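Chains A and B, in that order, are what the protein sequence lines are.
Residues 0 to 434, numbered by numbering that gives the first Met the number 0, are exactly what the first sequence covers, in order.
Residues 0 to 196, numbered by numbering that gives the first Met the number 0, are exactly what the second sequence covers, in order.
A hint or two may mislead.
Unchecked claim - Listed next, with one range per pair, are the computed distances between beta-carbon atoms:
(1) 72(A) <-> 139(B): 51 to 57 Å
(2) 72(A) <-> 74(B): 45 to 51 Å
(3) 142(B) <-> 53(A): 27 to 33 Å
(4) 77(A) <-> 100(B): 39 to 45 Å
(5) 89(B) <-> 84(A): 34 to 40 Å
Unchecked claim - Anything over 12 Å on all C-beta distances counts as not near chain B; from chain A, calculated:
(6) 28
(7) 39
(8) 40
(9) 52
(10) 94
(11) 114
(12) 201
Source of the hints: derived by calculation from the structure; they are not laboratory data.
From a predicted model like this one, the values you see are computed outputs, not experimental measurements.
Just so you know, even glycine gets a beta-carbon here, dropped at the ideal spot from N, CA and C.
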Amino acid sequence: MELTSILDECLRRLAAGESPADILASHPQHASELAPMLNAAAGLAGLSRPHLSEAQRLAAKVTLREVAAARAAPQPWFIRLRSAALPVALVLAAVVFVVLSVSAVASSQPGDAIYALRVIAERAPVLIRFTPAARASAELAVADRRLTDVSTYLATSGEVYPTALDALLDGDAAAAQRAEHLPGQVRAEIAGRMEAHAAELSALAATAPNPTAAEQLRVAAARANSLASQLGDGALPPSPPTAPGAGPSPSNGHTPPAATPAPVPSATVPVPTATPSPLPVSPQPTLIADPTVTPRPHLLLTLMAVTPGRTRRPTFVPPVQPSGVPITPSETPVGPTATSAPTTPVGPGSPPSLTWTPRPTHTARPELPRTRTRVPPQLPRLHTPTPVPPTSEPVSTATPVSAPTSGVAPPTDEPQPGNPGGPPPEPTRRPRRVG
Amino acid sequence: MAIDPAIDDAQITSLLPRCQRGDTAAVEALYDLYADRLYRYLLARVGNADAAADLTTEIFVRVLKNIGGFRLNSRRPAASFSAWLYRIAANLVADHHRQRRRTAETDLSEDLRIATREPTPHRLVEQQEILAGLSQAMEALSEDQRLVILGKFGEDMSNAEVARWLGKTEGAVKSLQHRALQALGRLLGAEEQPSWS
């Protein structure tokens, strides 16, 4: 029998008045275990059963009646109203607070303490756009508002509000970044909007009463322009092969020359220098340039480092004969002003083919990545002078390509020597693109 | 057989709605049903008659304040209401012990009224010592074990009655009783030879 049941039986016998000794004697094998339990049970059974006295009961009932009466009494109206209306009032207060806060933030203007909150809050729509194009468009929409804020603050105070201006440029930069991998048409459209920002900033700079503000606006305009150029260059479709002697028209680009700074190479594409060609190099002056000419640093300006007030038009534009080589799809901004019309004296009767040099670089580029490499601003990427066979006249070793092209020319573009309508003489040195 | 009349489900189902409507007579009827049971439980746990009486009143004050939100178990009305009352009592005991620790109250058994079958002075002193130790030993038990001991030895309930009261099976009640007596025997100094052995 289980000990629990044996104990229960022993407790029944104990309650019936049997002596513990007799009980334990009937279970000698469990006596040692049962003894302390029966001892405790005997102690409990020997106790009286206390109960409340009548006085205690009466006092308790009086207390209960008082409590019941107090609970039954009607509460004052303000207490009832407070208990019922308090949650509603709290909710209403919270709603009013939120509405007032949002409206205050939304109506804040540059110079207000909470304008920074508005700048942050108005970027919220960007977060709920899920395609790069939509996000870029949303960034530009926000940048439009910041431009309006800059204009408004300038009109009222004559100064530039830095938070708004920074937000504008940040928006343009974000839009450019999001549009980086979009199709060319979309990129061109976005670049156009950014150029519009740059144009308006330039216009504001022209009318700014404060020279400092004008300078800030010019810097910002230059930066916006750089971003637009960088993006727009990638948006350009591959240029069709130009006919020999037909220089690129400034109107080919999507931006007017006046508003577009000179294209700045933004991606560094290592161009293998040409080895001395076994072919005779004609001393034709077509591409002859001063060999001592070195690229000026401002040719290598990066997009993000535009010196205020500096014209970004390239000052070193080597004379170039319009090339018959199709321009390969470019990853770097190609502005209309990038490809200069041939301005250097070119012998009127000198056929370009006479100075053509085979370009070994065409076959050496398949491994070139088409990725954009950003280079810290003002980090000069200079041309690598290449030894040139001695000629009667100093021959320029710089590539007379004013428009930085992507540089990835398919082998099919390889010009054929002796082609009468072939490409112009190939220089032995081409400027490296910098990002 | 329990010394107090058993509480059946019909009594609770008729009194409780009246209490919830604020009927003071119904509240007093409930007090009469449960007061002594709760008092014994409280006395066993706090060891002080006045404190136990005050706490008994406090239980019913809390019942009055909170009975509007109490939902009766329709299948076991008396057991569910009883469980609610003892839960309130246990909370009050815990509060009482916390307060007592702060005030360093020490008297445990002076107010215990001991009635013995043989009320000799020697027996009275012995019972007082047992009760003093018992009050402390009861705190070492679980709540279910305390209630089983209280039902079996304070109310003279049978196993079946305790099982119904606590909503447990008779086997569970026997098991709880076994473990409770084991603990009490150990805590009350079971090593001492019982007087009857």
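Against the structure, the hints come out as follows:
At roughly 45 Å, the beta-carbon separation of residue 72(A) and residue 139(B) lies outside the given 51 to 57 Å, and the hint is violated. The hinted window of 45 to 51 Å between residue 72(A) and residue 74(B) is violated, with their beta carbons roughly 36 Å apart. Restraint check, residue 142(B) to residue 53(A): a C-beta distance of roughly 30 Å satisfies the suggested window 27 to 33 Å. Our hint of 39 to 45 Å for residue 77(A) and residue 100(B) holds, since their Cβ atoms are close to 40 Å apart.
For the pair residue 89(B) and residue 84(A), the beta carbons lie near 37 Å from each other, so the given range of 34 to 40 Å is met. Remark: the non-interface label on residue 28(A) is consistent with the geometry, its nearest Cβ contact in chain B lying 16 Å away (cut-off 12 Å). In this structure residue 39(A) is not separated from chain B by more than 12 Å, as the shortest Cβ-Cβ distance comes to only about 4 Å. With a least CB separation of 6 Å from chain B, residue 40(A) falls inside the 12 Å interface cut-off, contrary to its annotation.
The beta carbon of residue 52(A) sits about 8 Å from the closest Cβ of chain B, which is not more than 12 Å, so the claim that it is off the interface is violated. For residue 94(A), the requirement that its beta carbon stay farther than 12 Å from each beta carbon of chain B is met, with the minimum near 30 Å. No Cβ of chain B approaches the Cβ of residue 114(A) within 12 Å, the least distance being about 52 Å, so the stated non-interface status holds. Residue 201(A), annotated as away from the interface, keeps every beta carbon of chain B farther than 12 Å; the closest lies near 73 Å.
Violation of the numbered hints given earlier is confined to hints 1, 2, 7, 8 and 9; the remaining hints are satisfied by the structure.
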